[in-house]
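One letter stands for each residue in the lines below.
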Amino acid sequence: MNSAAASNAVLDSLREQIAHLESASQRKRGVLPFGLAQIDDRLPGGGLAYGALHECAGGGAGTVDGAAAAPFVAGIAARTKGKVVWCLTRPDLFFPALAQAGLHPNRVVFVESDKEEDVLANMEEGLSYGGLGAVIGEIVRLPMAASRRLQLAAEKTGTMALAVRRWRRQTEASDFGQPTAATTRWRVSVIPSEELPVPGVGRARWFLELMRVKAGECAEFEVGACDAEGRIDIFSRSADGQDQAGRSRYSR
Amino acid sequence: MPRVVSIFFPDLPTDRIRRADPAIPVEQAIAVISKSGSKRWVSAADAAARKAGVHLGMPAAKAQALFQGLRMIDADLAADAAALERITMWALSQYSPIVAIDAPDGIVMDTEGADHLQGGEERMLTSIANRFRAKGLTARVAIAETWGAANACARAISRETVIVPRGETVRAVEKLPLSLLRLPEKIVGDLRTLGFKTIGELANTPRAPLTLRFGPEIGRRLDQMFGRTPEPIDPIRTAELVEVSRAFAEPIGAAETINKYVARLVVQLVDELQRRGLGVRRADLIVETVDGTRQAIRAGTAKPARDVAWLTKLFKDRTEKIEPGFGIEKMTLVAVMAEPLEEAQKSSLLVEDEVVDLTPLIDIYGNRGQRVYRVAPVASDVPERSVRRIGAASDPVEASWVNHWRRPVRLLARPDQVDVMALLPDHPPVWIMWRGKRRKVKNADGPERIFGEWWERNSEMAAVRDYFVIEDEGGERLWIFRSGDGVDTETGSHKWFVHGVFA
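Those sequence lines, one after another, are chains P and E.
With the first letter of the first sequence counted as 1, position 5 gets the number 5 in the UniProt record's numbering; the numbers rise by one all the way through.
With the first letter of the second sequence counted as 1, position 164 gets the number 164 in the UniProt record's numbering; the numbers rise by one all the way through.
Any given hint could be a false lead.
Here are the computed lysine to any residue pairs in the SDA-like style, where the Cα-Cα straight-line distance is at most 20 Å [unchecked claim]: (1) K442(E) <-> T157(P); (2) K313(E) <-> E194(P); (3) K313(E) <-> S128(P); (4) K115(P) <-> Q118(E); (5) K260(E) <-> L178(E); (6) K81(P) <-> K135(E); (7) K81(P) <-> E329(E); (8) K260(E) <-> K313(E); (9) K260(E) <-> T332(E); (10) K115(P) <-> H116(E); (11) K321(E) <-> A121(P); (12) K115(P) <-> E121(E); (13) K437(E) <-> A121(P); (14) K313(E) <-> W167(P); (15) K81(P) <-> I187(E); (16) K440(E) <-> P192(P); (17) K442(E) <-> R203(P); (18) K437(E) <-> R169(P); (19) K316(E) <-> E124(P); (20) K440(E) <-> R168(P); (21) K440(E) <-> S128(P); (22) K442(E) <-> V198(P); (23) K156(P) <-> K440(E); (24) K440(E) <-> E194(P); (25) K135(E) <-> K321(E); (26) K156(P) <-> D357(E); (27) K437(E) <-> G60(P); (28) K156(P) <-> P59(E); (29) K440(E) <-> R169(P); (30) K437(E) <-> E125(P); (31) K156(P) <-> A309(E); (32) K437(E) <-> W167(P); (33) K115(P) <-> K135(E); (34) K437(E) <-> V198(P).
Hint data in this document are derived by calculation from the structure and do not stem from the laboratory.
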């Protein structure tokens, strides 16, 4: 633990130097912490960066529905301030579930289009408009050029861009391996729910993989699904090997 | 080639009379009587009168003598014209930037680039016909590549709508009678005497002898119908419309130049609106090119707007669609729909912790043809009815869903029927077979009983659905229901369905 803290100080100064080299606008944006030390420590700056593109996909059988990815980003969006623009082509989202993840229907403006390319264009338009909490897009393909455009548009206004990758069929999911300009890339899979002392389905749990993060390392977590404020929480048996007693959450 | 919609009102005079006096019963036959010299004759008859045998041109005295109970009303051409103008103004605000009166009994409009906003040509035409019928006006609607062809087709059909596909103009009109060529009656009569019956025959006759005999009119109408000479539609305008325009001595064409002048026109328009205390809801940019064509861009806003940056952005988004051809001669910016706007528009600058007005962004999406909406709760237990779409710019809804039961994040549009093994009446399935995979149910919650809403549909009087949240061994959580309570077959088929996917 001590060596980690020491190396962090070095890393922080290095990061600061890099940030100076990057565009000036990006430095002041800040981050949105998850409020969970295990996750936030893995992210540069201590949370999900505002003004950046984040990708998220469902794992395993959930790739077609993006079932777990949607409430995960909804929970992130719920913790931002301001309106949320949600771009999609297939309107099968059931809003009561998002409301249970802390997103009020007044905050979300849906933009539905017929074509995949329109979703990208709509996201970019929303990102460059400014003043939004987050712009979410449900997309199949995210080519490098398009992701770079989204990243730049997000940087310009400091709006968080969240791309939910979902596919029409399982085989298309291999597209997720292609590189994009996203700052972080997540995969959320469903795992058996929390065990209850009585028969029944307990609190939903996810296996959360941080597959890629700029200036950081991959990590895996087992988390409990978003609560009514959009916060996830972590289980002690975290996959990164650290075993701490009880739940460590120092959220607000 | 533009796409021209022609709307023909075959019963305009009688429809107008009925609209003005709703007390007239539907079965009452009406005939409109015109006077020419000392002759009084039937100039219009409604469906009931026509069914009884009244036909146009019949002497009024004869009609009166033959048909009992026929209501005869004097023709009022001025009122008919005023009614048509009113309808045309309404169509201008609804359908397309370029709408004109096609006297004496129709409307013509250019809908190039406007149909996609209404779900394609077929749906647009159907909705036009339906909306006019709802207003008590019989309408025949046709769309074709030219004014002439659309006009002829609208008057030739007996059903409500017809679509002439691109490039099919000749085939569509060649069999139509000469009278639909919009020629003076004298010429039509003379052509008939010569043995011509259809437009096709006339089009295949050498032009020179016809021109020598009848003048250039026939050739002009034929060329207009087949799109060989342009026939620009001069949009209807009234004094109340706020309109600014700019004519160019030297035609312009470059994209930057167009954008520059659009921006200037917007400033002028906003000044004018400011003076009148109005905000614009729909604005049209009409571009006239040197070769006599008109192109239009329409921009709509969800709230009355008077913000220069906002309006400029709406137009600049799409000025690239303008084809300047040999150059633009004139640009006009019209506020087709304007509403009172008292306070000045709030600037949409990015200020920390201030609620940002999204209306300009919503307009940008809307003008691109995207469906923009918010959702709001409906007090209904039936899942697919508990969400409704509301306008993206509508007032905030305070309520949210009150639900202690978990709800799936994806709801299938149609529940998937699945094979299960379950104990009736109130046990969750032991396994289910969904998407070709057999899943053993490890944990389940339920049943959550949802009753049919008999006030919505009679068939739901006794209907019941029992919902279960199930979790398989891999942790996948699904929302399934059994139609019926498991005991009484009255309440449902007892088949099982997957209705949603949990995270």
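Can the restraint linking K115(P) and Q118(E) be considered satisfied, given a maximum Cα separation of 20 Å?
holds, 16 Å
Pairwise hint evaluation, A309(E) against K156(P), where the allowed Cα distance is 20 Å at most:
It holds: about 19 Å lies between the C-alpha atoms, which stays within 20 Å.
So if I understand the rule, the pair passes when the alpha-carbon distance is 20 Å or less; does K442(E) with V198(P) pass?
OK: K442(E) and V198(P) at ~13 Å, within 20 Å.
Under the criterion that the straight-line Cα-Cα distance not exceed 20 Å, is the pair K260(E), L178(E) satisfied?
Judged against 20 Å, a Cα distance of about 48 Å means the pair is violated.
Between K260(E) and K313(E), is the straight-line Cα distance small enough, at 20 Å or below?
holds, 12 Å
K313(E) and E194(P): Cα distance at most 20 Å?
violated, 51 Å
Against the 20 Å threshold, does the CA-CA distance of K115(P) and H116(E) hold or violate the hint?
holds, 13 Å
Can the restraint linking K115(P) and E121(E) be considered satisfied, given a maximum Cα separation of 20 Å?
holds, 19 Å
Hinted pair K156(P) and P59(E), Cα distance within 20 Å:
violated, 77 Å
Restraint check for K156(P) with K440(E), where alpha carbons must lie at most 20 Å apart:
violated, 49 Å
For the pair supplied as a hint, K437(E) and E125(P), confirm whether the alpha-carbon distance does not exceed 20 Å.
violated, 41 Å
Please work out if K313(E) and S128(P) have their alpha carbons no farther apart than 20 Å.
This hinted pair holds, its Cα atoms lying about 13 Å apart.
Violation of the numbered hints given earlier is confined to hints 1, 2, 5, 6, 7, 13, 14, 15, 20, 21, 23, 25, 28, 29, 30, 33, 34; the remaining hints are satisfied by the structure.
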